[in-house]
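Protein chains in written order, with numbering that gives the first Met the number 0: chain D, 0 to 499; chain Z, 0 to 125; chain V, 0 to 491.
Since the hints were made in silico from the structure, they are not lab data. Note that the Cβ used here is the ideal one computed from N, Cα and C, for glycine as well. The reader is advised that the hints may include incorrect statements.
Restraint-style ranges between C-beta atoms, simulated for each label pair [as the list claims (entries may be wrong)]:
1) V/Arg1 <-> Z/Gly71: 39 to 49 Å
2) D/Leu423 <-> V/Ala443: 52 to 62 Å
3) D/Gln401 <-> V/Thr280: 51 to 61 Å
4) Z/Pro70 <-> V/Arg48: 30 to 40 Å
5) V/Gly52 <-> Z/Val103: 47 to 57 Å
In silico lysine to aspartate or glutamate, DMTMM-like type, Cα no more than 20 Å apart, as pairs [to be verified]:
6) Z/Lys59 <-> Z/Asp12
7) V/Lys359 <-> Z/Glu107
8) V/Lys107 <-> Z/Glu107
9) V/Lys359 <-> V/Glu433
10) D/Lys403 <-> D/Asp187
11) Z/Lys38 <-> Z/Asp115
Over the 12 Å line for every Cβ pair with chain V, so calculated as not near, a few chain D residues [as the list claims (entries may be wrong)]:
12) Leu14
13) Thr59
14) Ala98
15) Leu136
16) Leu171
17) Ile176
18) Val277
19) His352
20) Arg365
21) Tyr427
22) Val464
23) Trp465
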Amino acid sequence: MITLIMLIPAATAVLLPLFAGRPNVREGTTLLGAVLLFATVLQLMPLVLAGETPELPVWTVIPGLTIAFSVEPLGMLFAAIASGLWILNSIYSIGYMRAEQAHRQTLFYVCFALALAATMGIALAGNLFTLFLFYELLTFTTWPLVTHRATREARDAGRLYLLMLFGASTMLLLPAIAWTGLAAGTLDFTPGGILAGNVGGIGLGILLALYVFGTAKAAVMPVHFWLPAAMVAPTPVSALLHAVAVVKAGVFTILKVIVYIFGAETLAASDRANWLVVVAGITVIAASLIALRQDNLKRRLAYSTISQLSYVILGAALFTPLAILGAALHIAAHAVSKITLFFAAGSVHVGAHVDDISRMDGIGRRMPFTMGAFTIGSLSMIGVPPTAGFLGKWFILIAALQVKEWFVVAVIVVSTLLNAGYFLPIVYRAFARAPAKGEGRIAESPWPMVASLVITAAVTVFLFVWPGAPFQLAEMLAGNAAIDASGSSVVEFPLEGGFR
Amino acid sequence: MSDLVAAASGFLDHYNQYITIFLMVSGLYIVIARGNMVKKLVGLSLFQSSVYLLYISAGKVHGGTAPIIDPGFTVYSHPLPHVLILTAIVVGIATLALGLALVVRINEAYGSIEEDEIFERDRDDK
Amino acid sequence: MREHLPALQVVLPLFGALIAALVRGPVAAWLVTAIVSVASLVISVVLLRQVIGGEVISYHLGGWDPSIGIEYRVDIVSALILVLVSAVAAVVAPFARLSVAAEIPEDKVAWFYTMYLISLAGLLGIAITGDAFNAFVFLEVSSLSSYALIAMGTNRRALVAAYQYLIVGTIGAGFYVIGVGLIYMMTGTLNLTLMAERIADIELSRPILAALAFIVVGISLKLALFPLHVWLPNAYAYAPSVATVFLAATATKVAIYLFARYVFSVFGRSFVFADLPLTETLLTFSIAAIFGAGTVAVFQSNLKRMFAYSSVAQVGYITLGISLATLSGVTGALVHVLNHALIKGAIFMALGSAVFRIGKCSFEDIAGIGRKMPLTSAALVLAGLSLIGLPGTAGFISKWYLVVASLELGWWWLAALIVMSTLITLAYVARVVEAAYFREPSKALADVTEAPAEMLIPTWILAGATVYFGIDTQLTAGLAERAALVLMGGIQ
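Take the sequences, apply the hints, and build the full model.
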């Protein structure tokens, strides 16, 4: 089953160039690949929900470095989100790329499929080396997507993208992995962590820093510059990759390292790891402040992404099971909400040829579906019920109150206000202001785009009403996080969260 | 005075080594300091000659004769260094021949065998 | 027959060179080359299989005792280099026919193959011989033929490059043979094994120290250790494509083998690294090579020249591993010898294909090549990624060993320098990818089509190998580790 998950997107990528001359077949293949992938991922879900950990050892590269897959709750969650959204994103891409009459669409779809293969590899990786392998692969397969426009601006953005992502991962993440391997003698993801007793004191803090800043995909300040630059890419890329796959791969890695390499308990007990809360908190606030001043819609969304990603880090950095539950949930919630927002931004770009917020007066009247979905996405980002964004924030807030981390509480409150400050004016402009003359007719984007953004908006609401599997998976992850190095759980379940 | 004699005889005992060193250094100096490609090759040959001398000196046995078995002699020079240097001389000739051939070709292509002029011409037709 | 394989390994290509010179016809000469190359590969693989368990084959040439005659000595280290050299030759052979026909005047093609085979014989000879002076002869055999190979390049700069290489190479070989002479005077033997035994007693005597200095500097010239590398970029850039592929993949590697042999086996690790500051010196020059030559590579406009500078930088990684003188370090160095040979072979082959179709290979010429020659450029990118050290490629394995080796010593600053340096590699490889894929094809490329299968397949064999050996490292890292063990233990 795991083999299939890895093979389907890879095979899709191999098949696509064969249909370069026939767009319909090509796009059909992409869709088919996406649907098959999602179906296969869902097949694994019952196993994981039943508490099993499907494993697949593949190959020993050199002693100590093995390629192996194992599906634990967080990976399952991530794989399901990414593969599910790939379907919608493919539908959306078809509409977007055709409307844009973009060049070199085959390369676009090939790289997309490869990026998905890499994302699956990250999600299902059974050890740090496998994760690192696919992490780098993801960087390099998305690079051609960032530079897809082939303009000078795109090439420059591509350089920055590659330099920051690859640079950070090779200069910080790789030494961190080597250090971990030398200290612990293994790189396997193990509930409770593998570093307890092997690395301590200041070393623990340094190692954590190497991991956090080495994983530049998580865009913690100051390694966030690549994300706004990457917005030069076509919108489907920004939507699935730079709101879901790539950036989530970053926070996923950090979350996974905290839970399965360090062990949340080990970090909670150490007094060298508490700086992470501050870094994440500053990123949340600072990115929101910058987002306020962006007029380009995609750039504003990018800074919002940076801010929201650090919510996940913020939750993880509390090192308590409840906060980690919140962090995992926020990965899911932010994914569906942010992809909705990007879909809407792309739709506005295609339908009305508008990229700047200042020119979006009355656009909601022309594109009611698009801007309606945008509104739902915005509410979710702010954390207003009944949207998915509320869930993650709620649990992180509760967790912060439990451990009396007033700084985190303050960050959440302030950032919620800031989120409202940069999203609501857009909604207001779009609906309340009168459009420019002669632009009153309803003129939506091509239907594949509208359909996919309406679906993601619906999912955003649906996840609040019925969190179901994502919630269970997050809870199981929290269970793993509650295991200390000796292998015994330190918290009673079900958790005292007061919300079900 | 006797010190001086001792020093002089010490020097003279090893005079072949000093010649070796002189040849080596002067050969290298020519290679580095001259811009004329033929002169460089001459320097290179000098440098190689020093190697020959180094080996041959080592093979000399005092009072020994050429290593050809003859009932009239009992002491011979060591034959191995001679054989080695025979090979080295062949290598040296091959190097010199190839080097000169290259210089001829360079002269045909550039119309000069002075390094500065050649670099100059390469820069011009960029 | 079987016991004469070590001699055949060298004699076969030498004899093949003679035949190639006699047959004169371009196709016939190529055929001889191809057959000889493949046969050499078979022989070297058989030899490797014989010594893989740690045995040593000692072959007495002409039946003379090693103390006075020449001994061919095959252990796992030399067998590894033999396989590398002959494998590269075997892969280059099918590639060569079209490329040589396009770049060399027809009446000189047979001479080209003659020189090529002599060079192959010389390189194999260096790796197989257990005799110090014989190694010098083979060094000169391979060098002289490679000067001629380089001089056959189409650009007149090739002549000057060959001339400069000749001067530097001869000085290097001269230094080497002076060192050998000094050891010979002190130990009375030219056999490396016997030398090693006898040197142990007189390590710190002045002639031995001088010999060490001469030999280290002499071989360093040959392996293009920064700053003794100046001959290399022009030689690689202007040589005919096939010669560049072959020399870039093998020549410096064999010199590195010889270097490691002397440093570890003859002089001994404790003497060279503990009593003398070779670690510090070699490490400094290695780092200078990695950063200096790497930076220069970024600013080149000709791709062949760029990757030639990159070769100097990559040699730096290898000498860095040697300078650490630990098991992981030397393993990393040997692994990189193999991996880098494959990577550079693939890169220069892809560039050779580009030259075959376009005629030149500066950045302007290859803009947009990704659409015109998709398979060739994909191979180029793949090998480039391996050069960067992307996990899952061969380059990563080398990098991993070097990083782990420096962390094991507690030299975290060195690990930091190593990973930092990959950014430089990233910079120049990214330049190539940008030019090939993210630019519109230039007008010169209008009629360009994909390279013929005859060139494409060898290119992809090497490019595929750079990925394959990033995942299955039995043949590279596994063997390299055993070879490192043998080296570190001295000649047994």
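How the hints compare with the structure:
1. Between V/Arg1 and Z/Gly71 the beta carbon distance is about 47 Å. The supplied range of 39 to 49 Å therefore holds.
2. Separation of D/Leu423 from V/Ala443 is about 55 Å and conforms to the stated range, judged on CB atoms against 52 to 62 Å.
3. Look at D/Gln401 against V/Thr280: about 59 Å separates their beta carbons, and that is inside 51 to 61 Å.
4. The given range of 30 to 40 Å is broken by Z/Pro70 and V/Arg48, whose C-beta atoms sit roughly 52 Å from each other.
5. Distance hint check for V/Gly52 and Z/Val103: the Cβ-Cβ separation is about 53 Å, which falls inside the suggested range of 47 to 57 Å.
6. A distance of roughly 13 Å separates the Cα atoms of Z/Lys59 and Z/Asp12; the hinted pair therefore holds under the 20 Å criterion.
7. Annotation: proposed proximity of V/Lys359 to Z/Glu107 is violated, straight-line Cα distance about 23 Å (limit 20 Å).
8. For the suggested pair V/Lys107 and Z/Glu107, the alpha carbons sit about 18 Å apart, so the restraint of at most 20 Å is met.
9. As the CA atoms of V/Lys359 and V/Glu433 are separated by approximately 18 Å, the hinted pair is consistent with the 20 Å bound.
10. Restraint check for D/Lys403 and D/Asp187: not satisfied, since their Cα atoms lie roughly 33 Å apart, outside the 20 Å limit.
11. For the proposed pair Z/Lys38 and Z/Asp115, the alpha carbon gap of about 14 Å is at most 20 Å, so the pair holds.
12. Non-interface call for D/Leu14 relative to chain V: holds, since the shortest CB-CB distance, roughly 16 Å, exceeds 12 Å.
13. Its closest Cβ contact with chain V, about 9 Å, brings D/Thr59 to no more than 12 Å, contrary to its assignment away from the interface.
14. A cut-off of 12 Å between C-beta atoms confirms that D/Ala98 is not in contact with chain V; the least separation is 23 Å.
15. Chain V draws D/Leu136 into its interface by the beta-carbon criterion, the shortest separation being 7 Å against a cut-off of 12 Å.
16. Here D/Leu171 does not stay apart from chain V, with its beta-carbon only about 8 Å from theirs, under the 12 Å limit.
17. Distance check for D/Ile176 against chain V: the nearest CB is about 9 Å away, which does not clear 12 Å, and the non-interface claim fails.
18. D/Val277, annotated as away from the interface, keeps every beta carbon of chain V farther than 12 Å; the closest lies near 25 Å.
19. The beta carbon of D/His352 sits about 24 Å from the closest Cβ of chain V, which is more than 12 Å, so the claim that it is off the interface holds.
20. Under the 12 Å C-beta cut-off, the non-interface status given to D/Arg365 relative to chain V holds; the minimum distance is some 35 Å.
21. Its beta-carbon lying about 40 Å from the closest one in chain V, D/Tyr427 satisfies the requirement of being farther than 12 Å from that chain.
22. Against the 12 Å criterion, D/Val464 stays outside the reach of chain V, whose nearest CB is about 42 Å from its own CB.
23. Separation of D/Trp465 from chain V is adequate, the least Cβ-Cβ distance of about 39 Å exceeding the 12 Å criterion.
In this structure, the earlier hints numbered 4, 7, 10, 13, 15, 16, 17 are contradicted, and the remaining ones agree with it.
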